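Just so you know, we're using this note's numbering here: the sequence shown kicks off at 9 and counts up by one.
Source of the hints: derived by calculation from the structure; they are not laboratory data.
Please read all numbers here as calculations on a predicted model, not as lab measurements.
Don't take every hint at face value.
Label pairs and their calculated CB-CB ranges [what the hints assert, rightly or not]:
| hint | residue 1 | residue 2 | range |
| --- | --- | --- | --- |
| 1 | A160 | Q119 | 41 to 49 Å |
| 2 | R188 | L23 | 29 to 37 Å |
| 3 | S203 | L82 | 18 to 26 Å |
Beta carbons: idealized from backbone N, C-alpha and C, even for Gly.
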Amino acid sequence: MIDGPAVLTVFLVYLAGVVIPGPNFVAVVHKAVAATRSEALTLVAGIVLVNLFWATCAIAGIGVVFAAFPWAALIVKVLGAAYLMWFGFRLLLKAGKSAPGNNAVVGNFRQSFIQGVVTNIGNPKSMAFYAAIFSAAAPTHVSPSTFLSMLAVVVVVSMTWYGVVAIALSQPEIASAYRRRKKAIDRLCGGLILSLGIRQLVQ
């Protein structure tokens with residue numbers, strides 16, 4: 009039997025938390041305006057897959073591993089910060105340069121998916137976020153139906169939010185505006201991602 013109040017609590021708290029801009033949001037925005045809509049949605053798929061992973065770990069109580077072994081959390085934090093700083097610095101270096109043609113669509117999709125996965129999994133705050141949500145909302149013993157319902161909430165909410173962002177910002181008019189101001193937008197996104205990586209490293 010599904011625990012309705014617990015699932016509703018997860019939905020409300022998760023909805024409020026997922027819309028707060030962070031590395032995932034910036035990555036989706038840049039991919040949407042700089043690449044194709046399909047590539048942006050592929051990146052979203054990578055983000056959603058990791059959200060599902062974090063949620064499963066939180067419900068299963070695996071989050072206690074980070075509490076028991078702080079060095080593991082530190083490794084993830086440093087590696088994640090390093091990736092974000094590399095990604096941001098790379099955008100700054102390549103700001104304004106033309107993107108390669110579409111002669112490697114499969115490779116672009118693969119790269120976009122991996123980018124979504126790495127951007128999300130490299131942020132240990134995601135684990136803390138999910139642990140906080142499910143420790144507060146999930147009952148001590150979660151039934152299979154409640155477990156699946158909570159995971160469904162995570163998938164639907166994150167896919168809807170990031171999918172809407174990707175579709176909205178990949179409109180032809182917005183893509184044209186991006187091409188006219190490519191250097192400035194790349195520098196802005198690169199600077200934001202670089203600063204998020206630095207903040208993650210020093211906190």
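For each hint, the structure was consulted:
{"no.": "1", "hint": "A160 to Q119: 41 to 49 Å", "in the structure": "violated, 28 Å"}
{"no.": "2", "hint": "R188 to L23: 29 to 37 Å", "in the structure": "holds, 34 Å"}
{"no.": "3", "hint": "S203 to L82: 18 to 26 Å", "in the structure": "holds, 21 Å"}
The structure is inconsistent with hint 1 alone, although it conforms to all the rest.
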